[in-house]
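Undergrad: Letter by letter, the chains look like this.
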Amino acid sequence: MNVVANPRAWPSDSLTRVPYWVYSDQALYDIEMERIFRGDTWSFLCLEAELPRPNMFRTSHLGDMSVVVTRDGEGKVHAFENRCAHRGALLCHKDRGDAKEIACVYHNWTYDLCGKLTGVAFRRGIGGKGGMPPDSHPEEHAPRQLRVETFCGLVFGTLGKNVKPLEEFIGANITPSVRRVMAKPVKLLGGYSQILPSNWKLYMENTKDSYHASLLHMFFTTFRLNRLSQKGGLVVSEGGANHISYSMSADTAGKEYEQAKMRSANEGFALEVPEVIKSVDEFGDGIGLQILSVFPGFVLQQIRNSLAVRRIVPMGTDKTELVWMMFGFEGDTQELHDLRMMQSNLIGPGGFISMEDGAATGFVQRGSRGAASEMSVVEMGGQGIGSEESRVSEAAVRGFWNTYRQLMGV
Amino acid sequence: MSVNLEHQFRVQDLNARYTEAIDDDRLESWPDFFLPEGKYLINTAENVAHGLPLGFMFATSQAMLRDRIKALRQANIYEAQRYRHVLTAPRLVEDNGGVLLARTSFMVARVMHSGETMLFATGMYEDRIVLNGDKTLFAEKKVILDSRQIDTLLAIPL
Ligand code: FES
Ligand SMILES: [Fe+2]
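If you read the protein sequences in the order shown, they are chains E and Z. Under our numbering, the first sequence has 198 at position 198, and the numbering climbs by one with no breaks. Our numbering runs 1000 ahead of the 1-based position in the second sequence.
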């Protein structure tokens, strides 16, 4: 066996090799939370539609750190650390709610919806006794306030001091595809979460790995529901942080579904109700599938008429929560609503074309246990991180590692 | 409401046979517990409380349930696993002679091929059940999960 002198040194300058210790090293995980999630990146916090009225809050995450996202009385969105200035208790222990101010339950210190400390209970004591010395400034330990930007109804936050404005961070070749999907006011349809038995990076790699789609997820091929030759492509942002993988519907007029139905009549081996894949070209450009990711932990999904945002919450080196929120638009016709409901069967932990992802990332976590100094091979489509016409490529995965290594200094 | 004990028993018996079929891996018989136009859905209590309709599974016919089993058997890839359902006695919420509305609480343990066993899901069945002669069938089965979290994946129905 090859014993590496320093097992934590990156094995090669090339982006085509990734050492397995990155998925299990606790010290590395702690640095990731600092340099990546609390560093110069933008994290997706929630949809604006999740804060539909003034004076509301919901909780979210910056990496594994809990944050509070609020909409103040004027309608402005803020986010701050979910940590009391006093002893560090959670300020909000509910997922969401209405509030004009936020009070810590422990000793009732109060905050406004910007996260500013506004009140310290018994600050001057009672009857001249007790209380805090006049020269004490607990405000100095107030929860850190995030810089918040919203783009197309998506709320992002950062603690980074040197991070570019959000749209620039997402990238000029990616933002049009965000706008394309987030074209109208959002209507929430339902949310859930999935616990992945793996490191957070394995899920982001999986999302950026356009190569696995038709190989791991056998639903479409088994039931002969689409052609492998469908046109599409892979777009990677400059530096590799963000990506889009897309493919055209085989037929933009919806005939694909009719054809599938015809085949189901002719072949014994088919679905009885191919309506689960029936869809309409709601964006009018023939793109049937678009998976878009923003480093470090955001995914925007359009799979036919199934629309969702997903965000990751790292929960240690080998556990990750994936939070899904499915949506449609205000003014959706009943027909379109029904299609979105029908297509809910395709996605999520029970989805015909996605249930395998949770297992696959866990397989890597378990398979690479005991092989910390070995490395994976990420060489499909060469060594680069550029955009490509072929989705039989790991260019976006290499883009992930390029960004990761820059931020981590490894 | 005075409870019709025969109806109560028929609901309990239906759910007992239903969960036994799943736990014994007789998934091909799972759709037979439903009417041809029977509905099946799995959603979270949180979504239901907020009036949000979209959850983990949604079927509007027995044929869709057959498709799901066909997909599980032939297309989807997941590690070998079994469930063990434990049910409470049902509570009849409505009884209009031929149509019953019943609620039953459940817990499901998931047993992996490795032997690893975990509490996988808890929740409530909200069933609309049709009594047709000596047949007892689901017109609609709503599986409402207490938690929004699913561990890894949800392949086998609940
Ligand atoms: S910890 Fe919040 S008021 Fe004491
Ligand atoms: Fe996948």
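Accuracy of the hints is not assured; some may be wrong.
Listed next, the in silico DSSO-like pairs over lysine-lysine satisfying Cα-Cα at most 30 Å (straight line) [unchecked claim]:
hint	chain 1	residue 1	chain 2	residue 2
1	E	Lys-129	E	Lys-187
2	E	Lys-100	E	Lys-76
3	Z	Lys-1142	E	Lys-278
4	Z	Lys-1135	E	Lys-187
5	E	Lys-76	E	Lys-187
6	Z	Lys-1070	E	Lys-231
7	E	Lys-278	Z	Lys-1070
8	Z	Lys-1142	E	Lys-94
9	E	Lys-187	Z	Lys-1142
10	Z	Lys-1142	Z	Lys-1039
11	E	Lys-94	E	Lys-319
12	Z	Lys-1039	E	Lys-278
Read the hints as simulated data drawn from the structure, not as lab findings.
Undergrad: Keeping to a limit of 30 Å between CA atoms, is the pair of E:Lys-100 and E:Lys-76 held or broken?
TA: holds (13 Å)
Undergrad: Would the hint linking E:Lys-187 and Z:Lys-1142 be met if the CA-CA limit is 30 Å?
TA: holds (23 Å)
Undergrad: For the pair we were handed, Z:Lys-1135 and E:Lys-187, check the Cα-Cα distance against 30 Å.
TA: Since the Cα atoms of Z:Lys-1135 and E:Lys-187 sit roughly 41 Å apart, the hinted pair is violated (cutoff 30 Å).
Undergrad: Assess, step by step, whether the Cα of Z:Lys-1070 is no farther than 30 Å from the Cα of E:Lys-231, and give holds or violated.
TA: holds (29 Å)
Undergrad: Verify the proposed pairing of Z:Lys-1142 with E:Lys-94, using a straight-line Cα cut of 30 Å.
TA: holds (26 Å)
Undergrad: Take a quick look at whether E:Lys-129 and E:Lys-187 sit within 30 Å of each other, Cα to Cα.
TA: Violated, because 54 Å separates the two Cα atoms, which is more than 30 Å.
Undergrad: Does E:Lys-278 pair with Z:Lys-1070 here, judged by a C-alpha cut-off of 30 Å?
TA: At roughly 19 Å apart (the allowed maximum being 30 Å), Z:Lys-1070 and E:Lys-278 satisfy the hint.
Undergrad: Given the hint that Z:Lys-1039 pairs with E:Lys-278, does the C-alpha gap stay at or below 30 Å?
TA: Roughly 19 Å between the alpha carbons, so the hint for Z:Lys-1039 and E:Lys-278 holds.
Undergrad: Would the pair E:Lys-94 and E:Lys-319 pass a check requiring their Cα atoms to be no farther apart than 30 Å?
TA: With a Cα-Cα distance of about 22 Å, the restraint between E:Lys-94 and E:Lys-319 holds, given a limit of 30 Å.
Undergrad: Hint check: Z:Lys-1142 vs Z:Lys-1039, CA-CA at most 30 Å. Holds or violated?
TA: With a Cα-Cα distance of about 8 Å, the restraint between Z:Lys-1142 and Z:Lys-1039 holds, given a limit of 30 Å.
Undergrad: Between the alpha carbons of E:Lys-76 and E:Lys-187, is the straight-line distance 30 Å or under?
TA: holds (20 Å)
Undergrad: Are Z:Lys-1142 and E:Lys-278 close enough, with their CA atoms no more than 30 Å apart?
TA: holds (24 Å)
In the structure shown, a violation is registered for the earlier hints numbered 1, 4, in ascending order.
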